[in-house]
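A.B. asks: Those sequence lines, one after another, are chains A and B. Under the numbering used here, residues 270 to 605 are what the first sequence spells out, in order. Under the numbering used here, residues 44 to 367 are what the second sequence spells out, in order.
It should be emphasised that the hints constitute simulated quantities derived from the structure, not laboratory data. Hints should not be assumed to be uniformly reliable.
Derived pair list, reagent style SDA-like, types lysine to any residue, alpha-carbon separation capped at 20 Å [what the hints assert, rightly or not]: (1) B:Lys59 <-> B:Met365; (2) A:Lys461 <-> B:Met365; (3) B:Lys209 <-> A:Pro324; (4) B:Lys59 <-> B:Glu336.
Covered by chain B, per the in silico footprint, the following chain A stretches (three or more residues, Cβ under 8 Å) [claimed, not checked]: (5) 280-288; (6) 314-323.
Glycine residues also receive a C-beta, built at the ideal position from the N, C-alpha and C atoms.
One letter stands for each residue in the lines below.
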Amino acid sequence: MVKKRMVHAISAALAEEMERDPRVILFGEDVEASMFGDTAGLRDRFGPERVRNTPISEALISGMAVGAAAAGYRPVCHMMYGNFLYTGFDAIANQAAKLRYMTGGQITLPLVYLGVIGGGKSTAAQHSDAIYPALMNLGGLKVVVAATPGDAKGLLKAAIRDDNPVVFLQAAGRGGEHGEVPEGDYVLPLGKADVKRQGSDITIIAIGNMVRHALLAAQELAAEGVDAEVLDPRTLHPLDEEAIIRSVRRTGRAVVVDEAHSSCGAASHIAAIAGERLFDALKAPIRRVTVGDVAMPFSPPLEQALLPGKDDIVQAARSVLRHGARRPSVACSHEA
Amino acid sequence: MTSGFAREAQLELYRKMLLIRKVDEMLGNASLACELPGPVHLYVGQEAVAVGVCTHLTERDWIASTHRGHGHFLAKGGDLSALVAEVFGREAGICKGRGGSMHVADFSKGIIGANGIVAGGIALATGAALAAQLEGKGRVAVAFFGDGAANQGVLMEALNVSALWKLPLVLVCENNGFSEFSPTASVTAGRIAERAAPFGVPYEIADGNDLESVWRVAGNAIARGRAGEGPILLEFETYRLRGHMEQERSFLSKAYRTNEELEAAKRNDPLVRFRNALLSGELAQPDELQAIESEVEREVATTKAAAKASAWPDPRDVGEYMFA
Numbered sequence: 270m271v272k273k274r275m276v277h278a279i280s281a282a283l284a285e286e287m288e289r290d291p292r293v294i295l296f297g298e299d300v301e302a303s304m305f306g307d308t309a310g311l312r313d314r315f316g317p318e319r320v321r322n323t324p325i326s327e328a329l330i331s332g333m334a335v336g337a338a339a340a341g342y343r344p345v346c347h348m349m350y351g352n353f354l355y356t357g358f359d360a361i362a363n364q365a366a367k368l369r370y371m372t373g374g375q376i377t378l379p380l381v382y383l384g385v386i387g388g389g390k391s392t393a394a395q396h397s398d399a400i401y402p403a404l405m406n407l408g409g410l411k412v413v414v415a416a417t418p419g420d421a422k423g424l425l426k427a428a429i430r431d432d433n434p435v436v437f438l439q440a441a442g443r444g445g446e447h448g449e450v451p452e453g454d455y456v457l458p459l460g461k462a463d464v465k466r467q468g469s470d471i472t473i474i475a476i477g478n479m480v481r482h483a484l485l486a487a488q489e490l491a492a493e494g495v496d497a498e499v500l501d502p503r504t505l506h507p508l509d510e511e512a513i514i515r516s517v518r519r520t521g522r523a524v525v526v527d528e529a530h531s532s533c534g535a536a537s538h539i540a541a542i543a544g545e546r547l548f549d550a551l552k553a554p555i556r557r558v559t560v561g562d563v564a565m566p567f568s569p570p571l572e573q574a575l576l577p578g579k580d581d582i583v584q585a586a587r588s589v590l591r592h593g594a595r596r597p598s599v600a601c602s603h604e605a
Numbered sequence: 044m045t046s047g048f049a050r051e052a053q054l055e056l057y058r059k060m061l062l063i064r065k066v067d068e069m070l071g072n073a074s075l076a077c078e079l080p081g082p083v084h085l086y087v088g089q090e091a092v093a094v095g096v097c098t099h100l101t102e103r104d105w106i107a108s109t110h111r112g113h114g115h116f117l118a119k120g121g122d123l124s125a126l127v128a129e130v131f132g133r134e135a136g137i138c139k140g141r142g143g144s145m146h147v148a149d150f151s152k153g154i155i156g157a158n159g160i161v162a163g164g165i166a167l168a169t170g171a172a173l174a175a176q177l178e179g180k181g182r183v184a185v186a187f188f189g190d191g192a193a194n195q196g197v198l199m200e201a202l203n204v205s206a207l208w209k210l211p212l213v214l215v216c217e218n219n220g221f222s223e224f225s226p227t228a229s230v231t232a233g234r235i236a237e238r239a240a241p242f243g244v245p246y247e248i249a250d251g252n253d254l255e256s257v258w259r260v261a262g263n264a265i266a267r268g269r270a271g272e273g274p275i276l277l278e279f280e281t282y283r284l285r286g287h288m289e290q291e292r293s294f295l296s297k298a299y300r301t302n303e304e305l306e307a308a309k310r311n312d313p314l315v316r317f318r319n320a321l322l323s324g325e326l327a328q329p330d331e332l333q334a335i336e337s338e339v340e341r342e343v344a345t346t347k348a349a350a351k352a353s354a355w356p357d358p359r360d361v362g363e364y365m366f367a
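Next up, chain A with everything else stripped away, as it sits in the complex:
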């Protein structure tokens, strides 16, 4: 298998799908110059009709994607940073997420919004949100977060082929990393979670950029004799609840790691589902590891303090594992 950076995996997925279906078009902010490298070369390859630079007009382009999809095309709309979905949010929340339902299922809306999310690059508060909780809450969008270059390719190809509006988010911290990317027509199903590491003692559910930290945490826990499973939902809406339930039922313990803010985050939702459905199977309360309700700071030491990392996950896992564990006999009342 070839090793590629995530942005090149995305670029390959776009090119393959544009090759495959002439109705796939790409427009958005700086798709020619391609700040992230994920759309580099596509204009030269597919021409100025199908690949268009837009002005910085999120309110318009997010809605144009809906109109073009309703009129029979399969637009991919690059919103650059996830935070810029907020400036284009009317069409995303009020049109894309609802138009099919509001019109009684008259149309399909095959469109994809692309955005880069998360902190770690000192882009500060207006370029670092992990915006997916707001999108999950709309109900009418599929929300995909890719954690590895291979997943990015397979999930984006599926997103472009899906007949529903999909928001495809890539973690800012992962774009430059190398990973194995299958060649050819590699398509992953949306709505299916992926076990990134098998284990039996505890389930660490991690999203996007947090998957890497969760795997490092699992390695450290293994050295302590703890066998952690790492589960990546990959699609946050619709969520693969069964995969989460299967894993947590088996391990009886769960930590959910989420780069979004704490209140009403993806971790909250996942923890609630596991709590509702697995109360009797749980050996300990579920712990969430999140960013806290703080805007992402600019200065690297502050940013690193806020972002969840390996150590936070290990600590959370240890506390979950300690819960209900038998205390050593010396720690009894005689000691006093």
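Since the structure of chain A is already known, use the hints to place chain B on it.
C.D. replies: Relative to chain A, chain B alone:
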């Protein structure tokens, strides 16, 4: 109307305007009688715009409409029974009761639909215009919007992109004098049509209560779009004879217009003007028009009765249609 149409066609235009008027009056009365779920926003007084513009369009062209959208729906060829059943919240509605008055749409007729968001349709129509341009078959997209929507920034964004890309987009502003519950002049600086000028987009202002003016101006604009000459902004001056929404008198704390103003506006009613033109031009006899009027009244009454008698959606299907 004196040009462009045979007598029979002119009577057909009159029937269409009248149908839009009578349907909305019926729905307004139903709203006041608490027969309708939710709010309705009526098109009464603006019929010449929808009919004058849509007469130039085929089912292959796209329109995006507004919360005041029943008139556009009917003018573009949407089904009357399916419209009325939708506004009554029934399964037989064009959107199976999922959308209601503010979301009536029929994509098979090129009707992207009414929209509950002021200016929400502008970006959708621009996207449809992009699709039309890529297809290259001479389709156009028309965005109907009000003076209130002209104060949303997305209009500027649409003017910019449609001018840059020469999209077959016809921006139709219906300036009906009111942005929801505020007189337009109190919330709007300058002339709306002139907002096209800095983008190099042509614009035209016309009497939106005169069917012939609308028809003529829209015809040129749509022909330009079909020929690949790019976007245009039309501003039709009209007047909203009903409130922003029916039932508003029950909750508004202050009147936003005087009765004198409203009475004066009624003398400029587009339907009355067209009727008078037909009579004075000897294109129709009074009894012919009366026959059309009784027929339309009957059709509307029958449609209402059928809608009310039709089934509600099944609550078990509430989750249908979210995803394909």
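A.B. asks: Please go over all the hints and tell whether each is borne out by the structure.
C.D. replies: Hint by hint, here is what the structure shows:
no., hint, verdict
1, B:Lys59 <-> B:Met365, "violated, 34 Å"
2, A:Lys461 <-> B:Met365, "holds, 19 Å"
3, B:Lys209 <-> A:Pro324, "holds, 15 Å"
4, B:Lys59 <-> B:Glu336, "holds, 11 Å"
5, 280-288, "violated (count 0)"
6, 314-323, "holds (count 4)"
Against the hints set out earlier in the document, violations occur for numbers 1 and 5.
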